[in-house]
Amino acid sequence: MKFAVLVYEGPYNHEASDSAYNFIKAALKKGHEIRGIFFYHDGVYNVTKLMEPPQDDRHIANRWSELGALGIDIVACIAAAKRRGIVDDVLVPNVRISGLGQLTMMAIEADRMVTFGD
Amino acid sequence: MKFAVLVYEGPYNHEASDSAYNFIKAALKKGHEIRGIFFYHDGVYNVTKLMEPPQDDRHIANRWSELGALGIDIVACIAAAKRRGIVDDVLVPNVRISGLGQLTMMAIEADRMVTFGD
Amino acid sequence: MAEVKKIMFTVRKAPHGSIYVYEGLEVKLIMAAYDADISVVFMDDGVFALQKGQNTKALGIKGFEATYGALVDYEISKIYVDRESLLSRGMTEADLLVIGEDEESEEPLHPQVVDADFIANLMAQQHNILCF
Amino acid sequence: MAEVKKIMFTVRKAPHGSIYVYEGLEVKLIMAAYDADISVVFMDDGVFALQKGQNTKALGIKGFEATYGALVDYEISKIYVDRESLLSRGMTEADLLVIGEDEESEEPLHPQVVDADFIANLMAQQHNILCF
Amino acid sequence: MLHTVNKSPFQNGTLASCLRFMNSGDVLLLLEDGVLAAAAGTRCSAMIEQLLQSNPEVYALTADLDARGLKRVIPGVKQIDYEGFVDLVAQHSMHAWL
Amino acid sequence: MLHTVNKSPFQNGTLASCLRFMNSGDVLLLLEDGVLAAAAGTRCSAMIEQLLQSNPEVYALTADLDARGLKRVIPGVKQIDYEGFVDLVAQHSMHAWL
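Chains as they are written, first to last, in the working numbering: chain A, 1 to 118; chain B, 1001 to 1118; chain C, 2001 to 2132; chain D, 3001 to 3132; chain E, 4001 to 4098; chain F, 5001 to 5098.
Honestly, I wouldn't trust all of these hints.
To be verified - Keeping only pairs whose Cα atoms sit at most 25 Å apart, straight-line, the calculated SDA-like set for lysine to any residue is:
1. A/K29 x F/D5066
2. E/K4078 x E/A4046
3. D/K3057 x F/L5088
4. A/K29 x A/G71
5. B/K1002 x D/A3032
6. E/K4071 x C/F2064
7. C/K2057 x E/L4070
8. F/K5071 x D/H3110
9. D/K3057 x F/V5073
None of these hints come from the bench; they were simulated from the model.
Produce the complete structure using the sequences and hints provided.
Quick look at the structure:
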């Protein structure tokens, strides 16, 4: 089945980002397709390469980047990102900034859209 | 009287940042001293110069920078900032990154500590 | 031809205390340009987003009353309000924003106040539901 | 000599769903090194932060049970729990983390369960109160 | 003491908690989404109406009431601007119920 | 339909709202702070106990229960891992009550 995942909150501050990641890992393991991951609201903070968590903690941006390397389309909303200071220069590899049209296509094309937020 | 202000949430996403700003402007107008402004949790996102809000909207980081230019000590917590990708290179002028000891001094030295968050 | 997908938006949060309602509105306006069958349901504190006479000037943040007032122009006309959420907040239909005008009669259009059953059944018919 | 300032922390949020409890704990540990008279009050969903036997491994996030278990070593010993918050969540003192041991008797120390009146009066005596 | 509440009483228990810990003579300020508690004739109005009987000083921030278009405010709730907020903080020690 | 709730029922009205809109046959998954609603013997347990009478499929994410040290779970609530969560989503259209 084709899933799309929508994340509304930033990394570390809320569990949303972790729940989304754990869900996606499990979906891939079960053989489902991830049509795309879309970051909206504070969710756009998930993909900055400038984050440097303590060494014994997970690196949330790198985790997303690794999923992107598998070919999953990972998009941060441009309007939400601009307002919050997430620009192309600070993105981890394998993610991109684009418009809400991408979210629309995901909502239409995915069999299921799963949202994680606060 | 000597106030310190603590902000827990990022710009735009929650009203906390706006309430804090409006409170501080009013306090200055009434002749009070602002001992310091401390950003914690997602609050550290307030001071990135990379944000670019729509032209007809307020520029939250620049507003903080202007208060810093008045000589108010504006501090983003280093531990919270590192985890979230807020580093010296992306700060607006007149704000700094430092440790929780700064928050402690504000809590002890200020007559009142006012917290804004979610 | 592929069937047109039904997409619902639920609005559950109060406006202005957070950006969710505002940024959620941006999604609705964009999505309206695509080939989808869109409905919007206001429930819980989301009904405050439809309160008439909002003025954010003293707060210094952008309002969105004018945009809501033109939802119908964006071809979003299936706009529902949960009756219990409305009544328990001391509001009536008269408090709600006009969302446009009827093309023929030019009468002002109001969101439609409905019961929980209606909403629950509408939810069950959707392809995807987004909560903003 | 300046009087030692009384600083209180209130912990009202549930752990793990957000970082507030975790980052709030970091503040307490730092502030304990300064010359301040610190007290910590757990109320509302904050009492879940003191629940014994938390295991965040499957979630993949860092836990903090061990750190809470050493609060007394950081010289934070005025730790209170609102009784009503505890009881309404089906918890008793036996569910609460040990926060250290008594220096002399080496008995385990538990947070002190108190009534709302006690907390309200303690609040009124503080120089500043921070809510984490 | 001054207590501030910034959450909607319809979806969040913060106001209810705060009320449990208020002493007589304590002051309440509603701001941000917290001002929704000041609306008259709602499911939650009784919370503030009851408080007013023991604690007559209950305030709501005008900018937040206006932003939400709230015109029917519970009688007895005083509307103040940010300068009034500053005055309250200068007069009382405080706890922000976040 | 699958409904997901991620907020504590003690401080937030989300679970109560969700329950109002559930049809018979609908499924509920509690996750994140939402799993606090699955704890037995609390002020809020009755919400889930009542739901179970009409809607027997109520799930709670094990990783979230464990993180919070919740061992006394309401009888009838099924514990699942993230793969079980994926299965539920594959079987039902859903609404995340955020």
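Query raised in the report: Looking at the structure, which of the earlier hints fail to hold?
Result: none
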